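Okay, here's what each chain looks like letter by letter:
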Amino acid sequence: MSELGLQPFMILSAFLFACGVVCVATKRNAVGVLMGVELILNAANVNLVAFARFSPTFRLDGQVFALLVVVLAAAEAAVALAIILNFYNNHATVDVDEADELKG
Amino acid sequence: MEVPGRLYVVATLLPLAAFVLLLAGGGVRAACRPYRREGGFCGTLYWVCGGDKPLRTGAYLATACMAAAAVLGVLGLVWFLDNPGVTGRWAERTDWVRVGPRDTAPPPVWEQQRAANPELPAPRTALALELGYKIDHLTAVAFAMVTVVGTLIFLFSIGYMRDEAEEVVEDHEVDRQASRERERPEDGPPVAHAPGSPGHFHRRGRFGRFFLYLSLFAFSMLNLLIADNLFQVFVSWELVGACSFFLIGFYYERPSASRAANKAFIVNRVGDAGFLVGILVAWTYCGTLNIEELTRRVRSPDHGVHGAKRDPAQYPDQLIRANPAEPYVDGTPKFALPPVKEFGTGSHLVLMPLAAEDPDHVHTPGYGPHRDSNFPVPARADLTTYGAIPYALFVVMGLGIFLGCVGKSAQVPLHTWLPDAMEGPTPVSALIHAATMVAAGVYLVGRCFPLFAPEVLLVVAYVGAVTLFVSATIALVQTDIKRILAYSTCSQLGFMMLALGVGGWVAGLLHLITHAFFKALLFLCAGSVIHGCHHEQDVRRMGGLRRKMPVTAFTMLVGVLAISGAPLFSGWYSKDQVLAAAAGYGLDHRRHLALFVLPLVTAALTAFYMFRLWFLTFAGPPRDADVHHHAHESPAVMTLPLIVLALFSVGVAWGWPLWDADASYLGHVLARAEPAAVAVEFAAERLTAHHYHLAVEAAALGLALLGAGVAWWYFGRRQPAAVELWRPGPGWYRFLAGKWYFDEAYDAALVRPTVALAKGAAAADKRSADGPTPPGAAEPPPRRFDLFTLDGLLNAVGQAFDAVGRVLRGAQTGRLRTYVAALALTAVVALGILTALAK
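Read top to bottom, the protein sequences are chains A and B.
One point on numbering: in my numbering, the residue at position 41 of the first sequence is 27, and numbering is uninterrupted.
To convert, count from 1 in the second sequence and add 406; that's my numbering.
Chain B extracted, bound-state conformation:
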């Protein structure tokens, strides 16, 4: 292929093609439905597009497209690793919406470099929203991961969603929840029943629609991965959010599902608002949204993060973000800052000129070896010259982008939507809410790492640390199999954020990849268990399932071992690196020791809750004879993905030698995409991390063993009786089971005041016509509040004009002579005034 990167574009568009085809098929079917009895062309079309019974063809089509994308993704990864090109990445971009004029004459420096190296892209200096892709080592790996995991989950869904392929589906959950709501009525519309079947909700199966959403999701996610600019990321970001909304609310007749979908969407909007703020700051001050250009623009070559002066000999060509504390050296601006007057006071970051820059960290006038040359600094900041961004706004930009990531990656305090999102079908939980979409936030933090000021990185680290600890403690006491996994996902995402925040860039993203595999595996195993137990999700009713479902039990054990950090399993490599990075930072900065202690403790908690889950589900004698009796192993279409994912969960991070966590091949691949800023900013911490690596490794392993041992002691050694599990626990237990009461706090602080305000506003305008008139009331009760406010204001305006009219009508007597006299007098007076003015 002439441009190898287009392979990825094709792979991205494949699921979109499946989406469009499914959508068209469904649309034609719906349009032809009135003719289904009459036959003819339209009737035939109706039956071709599926007729009354949902077609399975759509699912096969979507899965085939996804599999093709996976083949392309893996091929692309191999090809890219083999030949990443001169620039170390494959990228193309094109204008989408142009805002300013194109700069017709690129600077001579650029032209020289382009003559020497034709692969360099042409400079773009005008404002434009762009479409583009950038494939580097991170993208290539993540792309392969998403497509492979996605294909396996599509395959699994064909088996899991089998019920939806029926003409009529009975959803008992709807009636169960509806009866519960009738007893304890809350807000929300009453559930509509199909006519003629009171108490039994029926609907058409939605097999095709499920794969329609999945395909759209896959496209958006892949687009998000390859996007080279923040705007494209934002569009995909919203698209995956919308797909997540559709899929959480897939069983939208259930009040709980529709509520969970709304919650996920609204909570994510909070994060997205921050993201938008970040994008706007970047657009306003940097004039571009291209991530690579942004990361190259915002920097200063003089200082590291912690104030240490950078050694130019050590990093001659790297471009490093500024330390704002000391923009001046020896009283003079060593590095050319724009005149301070022009930008107000306070510290600024220097924005580098875009046009005069090379695309690939090579020498520029005024930089590297040439930095003492007499390079003129223009007085005004515009797109093609130097600029500056106030440091406070730079922090705001980083915090804004990170807030988006907090929402999407379900970090505290916006994590509450993820456990509720488990209302969706289990393959959705696996694909979207464990493996890929929630990882998008971590991915973006990794991508935008150089845009994050040290303060922002500290926030990232602390948010990650708090999240990983809080969600792990909640996961300890949950009893719903999917919710345990959901909190575990939050916790693991916290590990990734923490790693990124403390400079473990490779560690965080390696954990992202390995976690995607083993968490998808765990969720699909949970799905298999739920499917086999006829939609029973409470682990307290399970037990002893390992004999009934040996493949599921075994593969899930692999997943449990991987997430707990058992040596040689993929999770061990990544978690080990995360902990080492955290140790490096925590030990170097003793004030932030919590950043090391929390993940270490959580490593034990993780092992505990995962083994608790496994023991309760699979080990011991069955606790619920009914569930156990009907349980069965899932069909091959579901177990095959489990086995494949289990293999990945073991070996995806292997390298040689196997026992060295730092030797992970995947880690080395990712390390090639690491921004230069990481190594420079966290040089000292890395040394510390390296120094204590073995000790941390041993401590983590010991703690994980301890956690697993405690789990075995309580749940594995002898199965607790069912009664014990149902007994309400002590206070701390209830606190954890209540999820630290985040939902209650939000409810009290935000939801209820809003609802109360809305109800008050409605009551203020309540009129008799709006509601039933009480029987026997002679006249309707008067409008209360609004008569004097909004309505009153508008009425007052009308009344004022009415009064003015009443006064003025007196002037119109109907007598011609009065008019003429008035006319003549007015003319005389006007003339008099004019004469007086003329003098």
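Here chain A stands alone, though its shape is the one from the complex:
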């Protein structure tokens, strides 16, 4: 197997991140927004693991960080889904554009 450098991982991560941001910015469905957030988090995970692989100082740390992010993402998803569910109960929709009651 030929050696891959750091660059392809970075490109993948950037692509994932861009997709996530676009998803968050364009989706009106709250669940879709949540999926965008998951993409952004995983872009970060790819970065962390890749840096850990290619950096002499980050041997294990990056992977531990990645695990932490996965766990946090799960927790975040749980909370966010609870919020969405509550919002749906109150407004009968999951359209984020409707959630503007706190605007100035």
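Nothing false has been slipped in among the hints.
Each pair of labels, with its calculated beta carbon distance range:
(1) B:Ala1244 with A:Leu(-8): 15 to 25 Å
(2) B:Ile1239 with A:Cys5: 20 to 30 Å
(3) A:Leu(-10) with B:Ile1239: 28 to 38 Å
(4) B:Gly1238 with A:Leu67: 29 to 39 Å
(5) B:Ile1239 with A:Ala61: 27 to 37 Å
(6) A:Glu87 with B:Ala1168: 46 to 56 Å
(7) A:Leu(-8) with B:Ala1227: 21 to 31 Å
(8) A:Leu67 with B:Arg1223: 19 to 29 Å
(9) B:Gly1198 with A:Leu54: 55 to 65 Å
(10) A:Gln(-7) with B:Asp1208: 45 to 55 Å
(11) A:Leu54 with B:Asp1208: 42 to 52 Å
(12) B:Val1210 with A:Leu(-10): 44 to 54 Å
It is worth saying that the hints were derived from the structure and are not from the lab.
The structure displayed is predicted, hence computed values, not measured ones.
By construction, the Cβ of each residue, glycine as well, lies at the ideal position given by its N, Cα and C atoms.
Guided by the hints, dock chain B onto chain A, whose structure is given.
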């Protein structure tokens, strides 16, 4: 006693003990008052502590403590004169508040001297506020004077304040003044009447409270006398001021009394502000407030005051203040000055190192016989090495301390409070405002004499001269018996200040002591007259009282003779020395001849107004039948102090031979405490004074006789009819009776602008809610000025934030996509900037 000086500490603390006991008694009584009907422990305590009627026990206690202090004071004086010790003084000191670290290793010179003379105190070089006492000949004499006079006045007060020992006291003066105020309303709260007695003011007697204040005063005054540092002096200074305030305002329901108390306090604050400035300069530049250390630090051994080079052979060991005009001799600093660069330009006084110094004017490296030895001069000034004080600041220091003395000793222009202070009870006028407290200023000038630059001394002399003349002229035409004496006090204090300013150190302080006795006597006689005439104070209503009150009349005559300078009376000795010193200075420096002429003229004025007072009060037929009919001699508890004080007024300054004013024994005692600076600075003037002494003596006596003769011609030969005395005089008379219009000038220049400013400020913020809305007004009148200034500023700040908020709320759309887009864009821009910066 192991440490004899502690005798004085005990004597000082005795009145404080009386004060604390009286205060505790009064507090317990007040706390137990709610239970007075119920009995039980608290009820019993209430009745034990006096009950409804003021207890006399407190007065006896306070008087006993004061008498004990007097016994100790006299014992101490005798003991001290007998054995002043190796150092010529008894002193101890201890730290109160330490500011810097203690210098653990005293210089070797000091250690050697201490080994040879164990009485020398250990050196202290760190900054510390200290408590201490220093007893020298001046303190010992003044202490004995204050305690003895104080005891006699405490005794007199027991009789004079008898009315205050009643359960209910009716103060007619309150109602009289209140009705006058209603007719002519001025500022000030309306007088409250006891309910159910309209027009007759009643209150509980304040016998105990009077002695409470007197005891606190006595403690503060004694503490002031024995204090060895300026800070302790300042604390006592403020305490006597506060006691003076309480006692002037003793009848505080009378508007005049409360106003006089405020005036005294406020006018004294002006002086005290100056005093504080002086203290701060001393602290900053000398690092100590100990008077003895200060006087030893600020000096230069090379020159006298008037530029003459000092003869080292004549004063080998004395430490003399510098003449700043010529710090250099032959182009080189003969006396080691610190590098001028370090202290800026201008003349400086050299501050001597404290630690390397002996405490008692003995030899130090670089001084006296050793002064040419190679003593290294450190480059930097710190506490234990050489320093320098800019001469201007040295003058400021002296002027500041003197300003405090001006306020306390009622010198022009801060003299206006003293005559008003006569609103207090007469024993207070005698003790505080004639004999002791007002003398504190003179005492402090005497103590700090070496700290006063020649310019300051000239100011002292001129202030004294102006005061003695101005107040004597006012005293000529006053008609209130106590006010005549009050102006006379100002005048005599002026004599003392003048004497100190022209180098008559002993003369000034001798006059302080003799004046205390005869002025206390005069005031107590006036008190006896007022008491006997049922609180009549106007001399125009008196006359012919000598038959009714023979003891008072006779003792007062003694006082009058003493203050006028009749030969062989105590006042003669001191005034003679004062005039001689003034003559020495005035004749030596012809530009300042006024310093001699004014007191000489005033000697005649003094005799005139004092004899006028005596003739009007005691001689001739009675002018007011009513007053004369009810007049009676005072009880023994009041006349006894008069007799004792009269004896003192005659003989306190005697010496042998009697007819030689310079032979006064008291003067010789005081002379032993005289700072070395006096003899050196005023050597030439002293010679002149000695030369013209007899001529001055004769002139003063002749003028005094003239004054007394004129008084006799107008008031003694035939009594002027009452009508003549009440007739308004010519213009100059009204000017003098108006007290040179000092009060009016201050009123116009200071009081009224302040009041006007305050009223304007209040009017600027006047709102409808603050005052009654005019009837029929539809809406409250708008706030006027303040809407645009202070309130306006604060409102503008609020409005600005409000406007910013209004703009920023537009950014919060509530659309998630906008936020994310903004976030992403911001991140991109931030990254771009970071990248650009990284290159």
